[in-house]
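Enquirer: Sequence:
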Amino acid sequence: MIYIKPADKKELLELVAQPSFRKNNGQILAGGSDLLVKMEHFGLKTGMIVDVKSIKSLRGITKKDNVIRIGSLTTLSDILESKILSKNAPNLTQAAKNFAAIQMRNRSTIGGNICNASPAGDLIPPLYALEATLKLESQRGIRTVNIQQFFKGPGKTVLKPDELLSEISFSALPSSTFSRFYKLGQRESMAIAVVSLALNFNSENNRFKDVRIALGSVAPTVIRAKEAEKILEGTDISPEIVEKAAKIAAKECSPISDVRSSADYRRLMVLRLLPELLKIA
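Letter by letter, the sequence shown follows residues 2 to 282 in the working numbering.
Don't take each hint at face value.
[To be verified] Cross-link-like lysine-lysine pairs, in silico, DSBU-like; alpha carbons within 35 Å at most:
no.	residue 1	residue 2
1	Lys252	Lys157
2	Lys24	Lys64
3	Lys136	Lys252
4	Lys57	Lys11
5	Lys231	Lys245
6	Lys88	Lys231
7	Lys65	Lys280
8	Lys6	Lys65
9	Lys252	Lys98
10	Lys136	Lys98
11	Lys227	Lys245
12	Lys46	Lys161
13	Lys24	Lys84
14	Lys24	Lys10
15	Lys39	Lys10
16	Lys54	Lys64
17	Lys98	Lys6
18	Lys57	Lys98
19	Lys11	Lys24
20	Lys84	Lys6
21	Lys245	Lys210
22	Lys153	Lys88
23	Lys65	Lys46
24	Lys54	Lys6
25	Lys161	Lys136
26	Lys161	Lys11
27	Lys153	Lys98
28	Lys157	Lys57
29	Lys252	Lys153
[As the list claims (entries may be wrong)] Here are the computed distance ranges between Cβ atoms for each label pair:
no.	residue 1	residue 2	range
30	Met105	Asp237	39 to 47 Å
31	Asp265	Asp211	28 to 36 Å
32	Asp265	Glu205	33 to 41 Å
33	Glu205	Gln149	19 to 27 Å
34	Arg141	Lys227	27 to 35 Å
35	Gly48	Ile242	54 to 62 Å
Note that these hints are calculated values from the structure, not bench results.
Virtual Cβ for every residue (Gly too), placed ideally from N, Cα, C.
Using the sequences and the accompanying hints, generate a full structural model.
Expert: In structure tokens:
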């Protein structure tokens, strides 16, 4: 096993561009919460570990010109403790709070949670609702992708072998925005989500405005309930329209049945939980 600890981002990008990284099925080690599980329990084989934990330039949370930027090595504890995020992206803070135990939050990173590409990833629905942009870097250059275009399926992304997710960015929410996250699991925060919901919306003259609804664990990737959003956008806030939107959102899901839940139960939970999160209170 080859173990390498690059000193900075430049050295890291040089490493992942080398043929030996691909030849050895090289793996990036940040928090390790997903990688170590895959190696121990799911038979992931690698001949090279690249430890990036000490690269400080990939960690931090900033706000400038109403744009929030989060380094990919920022931990869940950093997110939970950030005043910038609690004020400007409350549902992301709520998702971090619902993520496992404090020991895991201290280790796990936002980049790892995204790149693991699980449809049950806790931070992904809030980032969908925030319409986040991902910055991908390699020695060839930099490209940006909307988070909704990043995922190809469970465990699969558009990230190329020599690329690194370096930053997540999104616009700060207005202070008037209702920003919410809910995770349903078998053992609350310690569990993998059975269903998760994240949404942002504003109320203007008692009408829904700027509605964004994201659903986790109900499809091969996290999804936006865009048809439900369309039904709500610009309409008077009422129990009837909320119930109609929830029914549409449930139809937009394509869940599976597994050891955690049945597909029918997942749809039912979307139907019941979404109206609660859309309440003006």
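Enquirer: Could one say that the CB atoms of Met105 and Asp237 fall in the range 39 to 47 Å?
Expert: Taking Cβ atoms as reference, Met105 and Asp237 lie about 43 Å apart, which means the hint holds.
Enquirer: Given the hint that Lys245 pairs with Lys210, does the C-alpha gap stay at or below 35 Å?
Expert: Distance of about 17 Å is within 35 Å: holds.
Enquirer: Sort out whether Lys24 lies within 35 Å of Lys11, counting only the CA atoms.
Expert: holds (21 Å)
Enquirer: Between the beta carbons of Asp265 and Asp211, is the distance compatible with 28 to 36 Å?
Expert: holds (32 Å)
Enquirer: What's the verdict on Lys54 and Lys6, does the C-alpha distance respect the 35 Å limit or exceed it?
Expert: holds (8 Å)
Enquirer: Given the hint that Lys57 pairs with Lys98, test it: the Cα-Cα distance must not exceed 35 Å.
Expert: holds (23 Å)
Enquirer: Could you tell me whether the CB distance from Gly48 to Ile242 stays inside 54 to 62 Å?
Expert: Cβ of Gly48 to Cβ of Ile242: about 56 Å, so the range 54 to 62 Å holds.
Enquirer: Lying within 19 to 27 Å: is that true of the beta-carbon distance Glu205 to Gln149?
Expert: holds (25 Å)
Enquirer: Mind checking the alpha carbons of Lys54 and Lys64 for me, to see if they're no more than 35 Å apart?
Expert: holds (23 Å)
Enquirer: Given the hinted pair Lys231 and Lys245, is their alpha-carbon gap at most 35 Å?
Expert: Within the cut-off at roughly 11 Å; holds.
Enquirer: Does Lys280 sit within 35 Å of Lys65, going by the straight-line distance between their CA atoms?
Expert: The hint holds at about 31 Å.
Enquirer: Take the C-alpha atoms of Lys136 and Lys98, compute the straight-line distance between them, and say whether it is at most 35 Å.
Expert: Holds, at about 25 Å.
Hint compliance for this structure: hints 2, 13, 23 are not met, and every other hint is.
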